[in-house]
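Q: Take a look at the letters that make up each chain.
There are 2 protein chains.
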Amino acid sequence: MTRTASRRGRREARGHGIKRLPWRDVVNRLPPIEVLSDDQVEAIHQASLRVLAEIGLRVLDGEARSLLAKAGAQVDETTRTVCFDPALIEAEIAKAPASFTIRARNPAKSVTIGGNHINFSMVGGPSFVSDLDRGRRPGTFAELCDFQRIGQMLDIIHTTNCSPFEPLDLPPETRHLDRYYAAATLCDKVWSASLLGGFRARDALAMVAIAHGIDEDALPQQPLIFGNINTNSPRQLDVAMAQGLMALARAGQPVVVTPFTLSGAMAPATLAGALTQQNAEALAGMVLAQVVRPGAPVVYGGFTSNVDMKSGAPAFGTPEYTKAAQATGQLARRYGVPYRSSSTNASNAVDAQAAYESEMSLWGAVMGHANMIFHAAGWLESGLVGSFEKLIVDAEMLQMMAEYLTPIVVDEDQLAVEAIREVAPGGHFFGSVHTLARYETAFYAPLLSDWRNFETWQEGGSLDAARRANAIWKRLLADYEQPPLDPAIDEALKAYVAKRKEELARDPQSAA
Amino acid sequence: MTRTASRRGRREARGHGIKRLPWRDVVNRLPPIEVLSDDQVEAIHQASLRVLAEIGLRVLDGEARSLLAKAGAQVDETTRTVCFDPALIEAEIAKAPASFTIRARNPAKSVTIGGNHINFSMVGGPSFVSDLDRGRRPGTFAELCDFQRIGQMLDIIHTTNCSPFEPLDLPPETRHLDRYYAAATLCDKVWSASLLGGFRARDALAMVAIAHGIDEDALPQQPLIFGNINTNSPRQLDVAMAQGLMALARAGQPVVVTPFTLSGAMAPATLAGALTQQNAEALAGMVLAQVVRPGAPVVYGGFTSNVDMKSGAPAFGTPEYTKAAQATGQLARRYGVPYRSSSTNASNAVDAQAAYESEMSLWGAVMGHANMIFHAAGWLESGLVGSFEKLIVDAEMLQMMAEYLTPIVVDEDQLAVEAIREVAPGGHFFGSVHTLARYETAFYAPLLSDWRNFETWQEGGSLDAARRANAIWKRLLADYEQPPLDPAIDEALKAYVAKRKEELARDPQSAA
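For the protein sequence lines, the chains are P and L, in the order given.
Position one of the first sequence corresponds to residue 1 (the working numbering), numbered consecutively onward.
Position one of the second sequence corresponds to residue 1 (the working numbering), numbered consecutively onward.
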């Protein structure tokens, strides 16, 4: 017996073996759901070109304005407004690749972004953390590390986020370095950089180069990381986001451009209007990346949802959200660029609402042929909370979706006419040879779902899905083993973090 | 102010006004998701024809065997096995209508079964009832009436079931009469008959004729009710179900034929095999209806799910279930008959699992273009429980699905370029004329979802979705008003129930 096998045996004996789907390239072979006609897609495209040509975007960063002006955009330096001719948009977007691969530290976990590939990503950005034991609270770096560890144990999560929630016990100027170190070393997957300012983006580029053992100059040869920017909808791009975008584009690393178009708040209170504005802002951001580096990998990010018109509160996983997700897929395909969507919900608890809103988002994203599905594991409370239990509920929903996308096999053996012949009318297939031959692998085995009968479930403590998720994440955390890392690389990463912390302490102005 | 308006005003003042979607004909204009290729559909069709021709079904009812023999089927009276030539199957199924309308007592609530129409139906058949106050328990007739009343208040539920759970305080031989009376008088919607035996079917036909004020002989002119039979999979049709089917078919009333093909238990442990067996059994049942009355309205019922291979427990809303639901739609469309699916789950609590399994079922059914979605409101615990809280959670999920299926409008006004022009970069659309013009109607207003921020939600008692559903069904019940019914019809229904109870008490043998 190998050491690993022996360890696995011991672990299962302690009841720690949690059945999960192994790593899988999730591919959606089904045609996308198209909620818009071709004419409607064209009408939204044309309306967004009018917005870009006649109204424009306010670009707060001077360098970005200057690059766009040089490329042919009309820039009004007084109002910092940039307008774009349709021809410029079409020409620049045409340079973006339709598909690319991001290499992971563990080559088996590299991801293809484009085509029919779907990549599920960890939640990113919440201010708070929660679990059933300690409730909702500001997060710490130690808890963030645990979150990453659990994410690493779940192979259905293809890429991780450097910030499943903010580690508020660390100083804001340097905590991105600790977050990057955690993402780069606790997991062996592709991770995302923070693009909130050029310095954070550049630190991510430096650290991912170290983690891969390559020179930073070699970065443009191969995507190794990605990042996301949000426009400050409506029609504005701030300095930090522009600088972050440009840093990644310059290094040939993929940038996701995601307008934050909440219909009724930061965008018109109609889906067609919100999609028009989203499209204008996404095109402008992707054009900026192409201007910085022609052919830079970009992703069209869609995040159109709506607000509760009574309170102004954001809503997620609504019917409007699902339609917007599928419509955005049509727009992204029109431009031949990969598409990013999200799995979202506005629930305050890991309950039925959290699940049905997430499912509505997920079906919107998956059948909209999103290539990256952000926030797919752990998002709660409109993105204010990273939840340990939701992470497990989501992993189950993602695994189920991945299994759903596995095609039905139809051949003589699977059609099973002989098996049907063997079983008497009113009999059962439990003991048939055909059944026994596929006993172990016939169906999806759940991570979280409890199919025991009521009495057994009740004897087991009547644990609902959230309570069971609580037990599962603890068992996964107990089982966690850090993926191997060359000690020299680990040392180099630590040294980089230490050096940069010192620099940022000495010269806070360098954080710009 | 009209009396109704005044009453509504009072009610909302008491805080009882629960916002719901008004009655709507739900139509799915999107193309169905097709998980099988045309060749695969044909392979399953051909395999099921082999099962029907070479292996056959055991039909326990002599009358059914005799009718099938007369129509050209091969009947072995020793084994009670009926085999069907492919030509017989094709010829008989071709007689079934592609679409039909079932008239409701309230004509505004009549339903079209076929085409792209979707009808959501109440849960039917559970043994138990549950709510958060009193837990899971045997149900009573009084509780069943409350369940019907709440169903009546929810317009998203198109048709009701005579038995959302068994009223175990009533004697089994006659309780169908009380259930029919409740369904016919507490609601004004189409309801389903119990087809467990010819006498129960005939009582439903008599009572629905009375409720509509027509002569029973006139029933074949117009569907007024429907019923469902399950084959005793594998490959068996019992006496009660055959008699129930024949009674409805004879009266020209729609019969749904639903094989109970749990893959790995009553059907092969492969999806292709389970679908082959399902298809064979559904075809046989639909042929029996055509033999009884050519052109009788029938519906292809799909219920293929899988078991947990370790315990044999049924599982629902699994990835396999979703695929089977969409594949079954393809089979039903091949035969040009309407399709029935279900919204199901195996959870023991109204929790995240209940919601995500139901959503997986619902997306399977809706995108499989099911025309009738049974158990769409209130089903819990693999169908063993009718849950008051799940009824509300489901109504929310159904309303969201109905809104999702509403097409996006794209025109100059909706594209909102002028509204985008008016709002400054980084500003907001809250006060814009474009937003104010659609303040009330812009977005779906939820029944159950809580979008308040965490602090407000916490101050309100931190109620999760199940707890909020508990409050909502009580408020709907308090608001319930019985739909108008001609007192003479009410008297006639009561008289029929009294007469039949007496007959069944005097001659229990007539219950056959």
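Hints are not guaranteed to be accurate.
Unchecked claim - Away from chain L, derived, C-beta distances all over 12 angstroms, residues of chain P: (1) ILE18; (2) VAL51; (3) SER66; (4) LEU67; (5) MET153; (6) THR185; (7) ALA272; (8) SER311; (9) ALA349; (10) GLU412; (11) ASP464; (12) PRO484; (13) ASP486; (14) TYR496.
What the hints assert, rightly or not - Straight-line distance between alpha carbons at most 27 angstroms, and here's what the computed BS3-like set of lysine-lysine pairs gives: (15) P:LYS19 to P:LYS310; (16) P:LYS310 to L:LYS19; (17) L:LYS19 to P:LYS19; (18) L:LYS474 to L:LYS19; (19) P:LYS474 to L:LYS70; (20) P:LYS109 to P:LYS501; (21) L:LYS109 to L:LYS501; (22) L:LYS474 to L:LYS109; (23) L:LYS19 to L:LYS109; (24) L:LYS474 to P:LYS310; (25) P:LYS19 to P:LYS109; (26) L:LYS70 to L:LYS95.
Honestly, the hints are just simulated from the structure, not real lab data.
Computed from a predicted model, the values in this text were never measured in an experiment.
The beta carbon of each residue, even a glycine, is placed where N, CA and C say it ideally should be.
Q: Are the hints correct? Go through all of them and say.
A: A quick look at each hint next to the structure:
1. ILE18: Fine: 15 angstroms to the nearest Cβ keeps ILE18 of chain P off the interface.
2. VAL51: Non-interface label fails for VAL51 of chain P: nearest chain L Cβ at 6 angstroms, not farther than 12 angstroms.
3. SER66: holds, 18 angstroms
4. LEU67: holds, 19 angstroms
5. MET153: The claim stands: MET153 of chain P keeps its Cβ more than 12 angstroms from every Cβ of chain L (closest is about 20 angstroms).
6. THR185: holds, 32 angstroms
7. ALA272: violated, 4 angstroms
8. SER311: Incorrect as stated: the minimum Cβ-Cβ distance to chain L is 7 angstroms, not above 12 angstroms.
9. ALA349: Per Cβ check, ALA349 of chain P is inside 12 angstroms of chain L; nearest 4 angstroms; violated.
10. GLU412: violated, 9 angstroms
11. ASP464: ASP464 of chain P is in fact no farther than 12 angstroms from some Cβ atom of chain L, at 4 angstroms.
12. PRO484: holds, 33 angstroms
13. ASP486: holds, 39 angstroms
14. TYR496: Nearest chain L Cβ is 35 angstroms from TYR496 of chain P, so the label holds.
15. P:LYS19 to P:LYS310: violated, 44 angstroms
16. P:LYS310 to L:LYS19: Distance ~13 angstroms between LYS310 of chain P and LYS19 of chain L Cα, so the pair holds.
17. L:LYS19 to P:LYS19: With Cα atoms ~42 angstroms apart, LYS19 of chain L and LYS19 of chain P exceed 27 angstroms; violated.
18. L:LYS474 to L:LYS19: holds, 14 angstroms
19. P:LYS474 to L:LYS70: violated, 66 angstroms
20. P:LYS109 to P:LYS501: Judged against 27 angstroms, a Cα distance of about 30 angstroms means the pair is violated.
21. L:LYS109 to L:LYS501: Violated. LYS109 of chain L to LYS501 of chain L sits at ~30 angstroms, over the 27 angstroms cutoff.
22. L:LYS474 to L:LYS109: holds, 24 angstroms
23. L:LYS19 to L:LYS109: Holds. LYS19 of chain L to LYS109 of chain L sits at ~19 angstroms (cutoff 27 angstroms).
24. L:LYS474 to P:LYS310: holds, 24 angstroms
25. P:LYS19 to P:LYS109: Between LYS19 of chain P and LYS109 of chain P the Cα gap is close to 19 angstroms, so the pair holds against 27 angstroms.
26. L:LYS70 to L:LYS95: Measuring from Cα to Cα gives roughly 17 angstroms; hence the hint holds.
Hint compliance for this structure: hints 2, 7, 8, 9, 10, 11, 15, 17, 19, 20 and 21 are broken, all remaining hints hold.
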